[in-house]
Structures are given as structure tokens and as C-alpha cells.
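Student: Take these sequences, add in the hints, and give me the full structure.
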Amino acid sequence: MAKSIDVSDLNIYYSDFLAVEGVTMTIPARSVTAFIGPSGCGKSTFLRSLNRMHEVIPGARVEGKVMVDGQSLYDANVDPVEVRREIGMVFQRPNPFPTMSIYENVLAGLRLNNKRLKKSEADSVVEKSLKGANLWNEVKDRLNKPGMGLSGGQQQRLCIARAIAVEPQVLLMDEPCSALDPISTSAIEDLIHELKEEYTIVIVTHNMQQAARVSEDTAFFNLAGAGKPGRLVEMNPTKKIFSVPDEEATEAYISGRFG
Amino acid sequence: MSVIEQKAGSPKRRLGDLVFANLTFGSGLLILVALAGVAIFLTIQGIPGFSAKAADLDGHANFIAYVWPLVFGTLLAAAIALLIALPLAMGVALSISHYAPRRLAVVIGYLVDLLAAVPSVVYGLWGISFLGPRLAPLYGWLGTHLSWIPLFKGPALNSGRTILTAAIVLAIMILPIITAISREIFMQTPRLNEEAALALGATRWEMIRLSVFPYAKSGIVSAAMLGLGRAMGETMAVAMVLSATGIVSFNLISATNPSTIAANIALKFSDSTGVQVNALIASGLVLFVITFIVNFAARAIVSRGDVRNK
Numbered sequence: 001m002a003k004s005i006d007v008s009d010l011n012i013y014y015s016d017f018l019a020v021e022g023v024t025m026t027i028p029a030r031s032v033t034a035f036i037g038p039s040g041c042g043k044s045t046f047l048r049s050l051n052r053m054h055e056v057i058p059g060a061r062v063e064g065k066v067m068v069d070g071q072s073l074y075d076a077n078v079d080p081v082e083v084r085r086e087i088g089m090v091f092q093r094p095n096p097f098p099t100m101s102i103y104e105n106v107l108a109g110l111r112l113n114n115k116r117l118k119k120s121e122a123d124s125v126v127e128k129s130l131k132g133a134n135l136w137n138e139v140k141d142r143l144n145k146p147g148m149g150l151s152g153g154q155q156q157r158l159c160i161a162r163a164i165a166v167e168p169q170v171l172l173m174d175e176p177c178s179a180l181d182p183i184s185t186s187a188i189e190d191l192i193h194e195l196k197e198e199y200t201i202v203i204v205t206h207n208m209q210q211a212a213r214v215s216e217d218t219a220f221f222n223l224a225g226a227g228k229p230g231r232l233v234e235m236n237p238t239k240k241i242f243s244v245p246d247e248e249a250t251e252a253y254i255s256g257r258f259g
Numbered sequence: 260m261s262v263i264e265q266k267a268g269s270p271k272r273r274l275g276d277l278v279f280a281n282l283t284f285g286s287g288l289l290i291l292v293a294l295a296g297v298a299i300f301l302t303i304q305g306i307p308g309f310s311a312k313a314a315d316l317d318g319h320a321n322f323i324a325y326v327w328p329l330v331f332g333t334l335l336a337a338a339i340a341l342l343i344a345l346p347l348a349m350g351v352a353l354s355i356s357h358y359a360p361r362r363l364a365v366v367i368g369y370l371v372d373l374l375a376a377v378p379s380v381v382y383g384l385w386g387i388s389f390l391g392p393r394l395a396p397l398y399g400w401l402g403t404h405l406s407w408i409p410l411f412k413g414p415a416l417n418s419g420r421t422i423l424t425a426a427i428v429l430a431i432m433i434l435p436i437i438t439a440i441s442r443e444i445f446m447q448t449p450r451l452n453e454e455a456a457l458a459l460g461a462t463r464w465e466m467i468r469l470s471v472f473p474y475a476k477s478g479i480v481s482a483a484m485l486g487l488g489r490a491m492g493e494t495m496a497v498a499m500v501l502s503a504t505g506i507v508s509f510n511l512i513s514a515t516n517p518s519t520i521a522a523n524i525a526l527k528f529s530d531s532t533g534v535q536v537n538a539l540i541a542s543g544l545v546l547f548v549i550t551f552i553v554n555f556a557a558r559a560i561v562s563r564g565d566v567r568n569k
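Taken in order, these protein sequences are the chains called A and B.
Everything in the first sequence is counted per this note's numbering, starting at 1 for the first residue and increasing by one.
Everything in the second sequence is counted per this note's numbering, starting at 260 for the first residue and increasing by one.
The set of hints was computed from the structure by calculation and includes no laboratory data.
One thing to keep in mind: the hints can contain errors.
[Unchecked claim] Listed next, the stretches of chain B that the computed footprint assigns to chain A, with coverage defined by at least 3 CB atoms under 8 Å from CB atoms of chain A: (1) 447 to 456; (2) 466 to 478.
[Stated by the list, open to error] Below 25 Å or equal to it, Euclidean Cα-Cα: the simulated SDA-like pairs (lysine to any residue) are: (3) LYS145/A with ARG450/B; (4) LYS145/A with LYS476/B; (5) LYS119/A with PRO473/B; (6) LYS118/A with GLU82/A.
[What the hints assert, rightly or not] If we take Cβ atoms under 7 Å as the criterion, some of the chain A residues that face chain B in the derived model are: (7) ARG85; (8) MET89; (9) THR99; (10) GLY109.
Glycine included, every Cβ here is placed at the ideal spot set by N, Cα and C.
Tutor: In C-alpha cells:
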């Protein structure tokens with residue numbers, strides 16, 4: 001069920017402002033691809049354009065092509081709601097639904113698809129998803145407690161469970177560990193390792209060690225200059241990026257020398 | 260190394276802080292004093308009314324029999340008004356906060372706020388001379404075809420000045436406050452919660468159901484209760500629109516309608532003398548207490564359902 005993503009010549013605009021310019025890349029299936037780069041370079045914007053979440057902001061639009069397994073995401077007849085059901089997303093800060101129990105949080109996506117679930121089916125989806133998110137053992141005795149009662153790291157894993165409960169093709173993660181402590185971060189990273197067996201994962205991170213630890217491929221984004229749009233500088237296998245990158249700018253960023 | 264000198268137990272009090280603290284404390288106290296003043300006035304002046312005789316109570320045997328139809332009318336009109344206004348206000352508030360393009364939303368918001376600036380006398384006039392006559396044919400139809408429903412038993416009043424018309428006028432009057440509060444709360448829904456729903460493939464309406472409503476629940480309740488309180492206390496419009504006979508009836512479209520406490524006081528006060536005045540003030544005390552109860556109930560509901568404080 002995992003799918004690859006082909007992006008060609010993608011420009012992303014907010015109204016008249018060009019935020020990201022001319023991105024072309026291929027994101028392989030069943031693999032982890034990391035986006036790194038300084039703040040404001042458009043990597044989160046680009047990530048959001050992969051499931052059309054950037055359209056939440058009025059005036060946002062794209063030019064270019066995003067193909068998921070041969071199907072264009074931006075065809076006129078493609079419903080963004082359908083796209084987001086296929087391409088899940090995990091956010092910077094954990095965001096379980098505050099009024100829902102852990103159990104209902106996991107099922108929220110399925111309930112949206114208007115599926116009538118039998119109790120036994122629902123139970124098994126919840127168990128499978130929470131096990132998939134490495135959270136089952138910690139919460140199995142309190143599934144009916146509110147999701148907000150969990151720790152930050154547990155909440156983030158709950159959000160991952162919620163995202164994988166609908167069995168998406170692709171999982172997008174927008175700095176999923178930036179609000180978490182090192183132990184929770186390590187738990188999420190382990191989880192990402194397991195999830196790539198089944199899902200195509202794209203992760204934005206500010207932590208270069210994290211990119212090096214979890215990803216197969218790394219894309220480095222940067223601004224062309226102050227006030228100019230962000231662009232893709234280089235995309236290569238992670239090992240190569242962190243040892244002998246093609247571009248000098250990449251090496252400067254990774255080694256801590258800017259400009 | 261520099262040492263900051265500080266005498267134990269006597270931190271420096273700055274004059275500005277002191278003045279401001281006392282000023283705010285005084286303002287708070289003033290509210291309490293005003294409220295207590297009203298309550299004491301109503302109680303002292305109202306007490307003789309509780310034991311008034313039939314002659315001073317429009318022929319009712321005792322005060323309870325006198326005030327009960329008024330309480331009933333007050334609650335009925337306010338409840339119908341809320342029933343009409345709440346869904347409408349939710350719709351308007353949502354269109355402003357989540358659906359309409361920003362420019363249009365600003366205009367709608369402004370117009371709804373403008374509704375609150377219309378004096379209630381004007382609403383009364385509008386109810387009598389515009390809304391009532393235009394609703395009369397509808398009442399006629401209801402009275403003929405749906406008279407098996409007790410609410411529309413009829414016979415329908417030709418002038419349309421029924422309790423239903425009064426309630427509709429009230430609904431329009433409480434629409435702005437409910438809309439304004441709900442709109443503010445809808446707009447405060449954390450982006451994060453909305454995106455959580457959207458990223459799962461929720462449509463806009465599903466997103467609102469999953470994220471906005473649970474977040475805004477307690478706020479909606481308080482908005483509704485404020486609206487209810489306003490509807491119960493509203494005087495002029497009801498006094499003008501309603502052709503009241505002071506009975507207890509669920510028949511919403513007939514010529515005999517229950518009156519409300521506030522309207523009754525407004526209509527009778529200038530002609531009343533002696534104990535009759537005390538009886539009116541006593542009915543005012545009853546309204547005061549009911550409004551209090553509604554407000555406290557709202558607080559209780561809000562504090563119980565508040566997810567943000569958990």
C-alpha cells in the first residue's frame with residue numbers, strides 16, 4: 001500500500017508571494033525521506049503541499065505536478081479531502097482531540113469515512129494501530145480515558161496511531177519530535193524505523209542527527225537569499241549528504257557553517 | 260558582587276500600584292453594592308405584595324396564582340426565542356468564523372452587531388406593524404391544518420400579535436449577543452485541533468464537528484444562557500407586540516396569550532397604587548431570582564463541561 005511520490009517543478013504560492021520554487025524530487029516508497037534546512041526555507045510548506053494541507057491557508061496555491069503512484073494530486077477532479085485520507089500527517093505538537101478518549105481518538109479517522117464499525121472490528125483496529133504506534137502496552141488499561149491525559153510523547157504516538165488507523169499510503173511528519181524530550185524522541189524514532197516497512201514516510205526535522213539516524217534519503221532546502229523563495233538545494237542518500245554532499249551549501253549547513 | 264538590599268516583610272509599595280489596585284477593587288465592589296441594592300429594594304418593597312388580596316391582584320386569589328401565569332409566559336416566550344435564535348446564531352457565527360470569505364465575514368459580523376443597537380421600542384413597532392400582520396396568514400394556515408398539534412390549536416389571531424410573534428421578535432433581539440460570543444469562541448479554536456481533523460480527511464463540516472464544537476461547547480452554553488436571560492428580561496418589545504390576557508396556555512397562535520413578568524410590570528405600573536405596586540415589585544423579584552438561577556445553572560454547566568481546564 002505504500003506509494004512513491006514524484007514531484008516535478010513545483011512552485012508554491014501564498015497569494016502573490018512565491019514561497020517555494022521549482023522543486024523536483026522523487027520520494028521512494030517504503031522508505032524514510034528527511035527534509036532539512038533553516039527555518040523559513042519552505043520545507044514545511046512543501047511537506048504540506050504533498051497532502052494539500054497548505055490549502056488551509058487562504059490564497060495558497062501551487063504550480064507544477066505532484067504524482068502519487070501515477071495519480072496527479074492537483075488534477076481538477078481530485079478532492080483534497082480524499083487526498084488527505086490517503087496521505088496522513090503528524091504535526092509538530094501533538095494534537096489529539098481534547099474531548100475524546102484514547103479509543104475514540106484512534107478511531108476518529110475511520111468514523112469520518114462513515115464506516116459503520118462493529119464493536120469487535122473497532123477493537124481490533126484500535127489494538128492494531130496502538131501496537132503499530134508502540135503505545136498499546138502503556139494505554140491498554142485506560143483506553144476510555146481522555147487522550148489529553150497522556151504525556152507529550154505518548155500523545156504524539158497516539159496521533160501517529162490515529163494517522164495509521166486509516167491505513168494511508170504515505171505518512172507526512174512535520175517536526176514530530178520538536179516538542180518532545182529525548183526519551184520520547186527516541187521512542188518515536190524507533191517507531192519510524194518500524195513504520196517504514198509498510199509506509200512511505202516523509203519527515204521534516206531541525207535535528208540533523210535525527211535525519212541521519214532515521215532516513216534513507218535527505219533533501220536539503222535553503223533560501224536563495226533574503227526575501228527570495230525557498231528551493232531544493234540537494235537531495236541524495238542520507239549517507240552521502242552527511243559525508244560527501246554534492247553542494248558546498250549543504251556541507252556548510254550540516255557542519256554548522258552558514259552562507 | 261553587588262547586594263540588593265531588601266528589608267524582610269516590607270516590600271516596597273509603589274504609589275501607582277496602590278492606586279490602581281484600590282481602583283480596580285473598588286470597581287469590583289461597586290458591582291456588588293449595586294446588585295445588593297437592587298435585591299434589597301425588591302425584597303423590602305415586594306414583601307407586602309406577597310400577601311396582597313385579590314382586589315390588588317387582578318382578581319387572583321393569592322400572589323402565587325397571580326405570578327404563576329406570568330412566570331409561565333416569561334419562560335415560554337424566552338424558551339421559544341432561544342429555540343429559534345440558537346441554531347440561527349450558530350449558523351451566522353460559523354459562517355463568519357469558518358465559511359465566508361474574510362471581507363464578507365467582516366460585513367456580516369458588523370451587521371449582526373448593528374442588530375444589537377436597534378432600540379427595543381423599534382423592535383416593538385416593527386413587530387406590531389410589520390411582522391405580526393405578515394405572520395397572521397401563516398398562523399391562519401397553521402390553525403386550519405395543524406390544529407391537532409396543541410401548539411397551533413388556534414383559533415388564529417388576525418392581527419398576528421401572538422406569543423409566537425413576540426418570541427420571534429425576541430429571537431431577533433438576542434441573536435446578536437449569542438452570535439457575537441459564539442463567533443469569538445469559534446475563532447479561537449486552536450489551529451492545531453482544526454488541522455488534526457483536516458489531516459484525517461475531514462470535510463469542513465466534519466472538521467467543525469470534530470474540533471470547533473467540542474472546543475466551543477461551554478462557550479455556546481454561556482452564550483445561550485446570556486441570550487435566555489436577555490429574552491426573559493426584555494420588556495418593551497413584548498409589551499408592545501403581545502396581546503396578552505394573562506392565561507396559562509401552550510396555544511401559540513390564539514388571541515389569548517400569557518403575558519410576561521417584565522411586560523406586565525411595564526403595562527400596569529403607571530396605573531397601579533398602593534399594594535398593587537408592591538405586587539408588581541414582588542413579581543419583579545421573582546424575575547430577578549429566575550434570572551439568577553438561569554445564570555448559575557449556566558455557570559455550573561460551563562464549569563462541568565470545560566475541557567480546557569482539565
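Student: Compare the structure with each hint and give your call.
Tutor: Right, here's what the structure says about each hint:
1. 447 to 456: Coverage by chain A holds for the segment 447 to 456 of chain B (7 residues, Cβ < 8 Å).
2. 466 to 478: holds (count 5)
3. LYS145/A with ARG450/B: 24 Å, holds
4. LYS145/A with LYS476/B: Satisfied, since the Cα-Cα distance of roughly 19 Å is no more than 25 Å.
5. LYS119/A with PRO473/B: The given pair, whose Cα atoms are some 24 Å apart, holds under the 25 Å limit.
6. LYS118/A with GLU82/A: 23 Å, holds
7. ARG85: This interface hint holds because 3 Å falls under the 7 Å limit.
8. MET89: At 4 Å from the nearest chain B Cβ, MET89/A passes the 7 Å test, so the hint holds.
9. THR99: Because about 4 Å separates THR99/A from the closest Cβ in chain B, which is inside the 7 Å limit, the hint holds.
10. GLY109: With Cβ-Cβ at 4 Å, under 7 Å, it holds.
Checked against the numbered hints listed earlier, the structure breaks none of them; every hint is satisfied.
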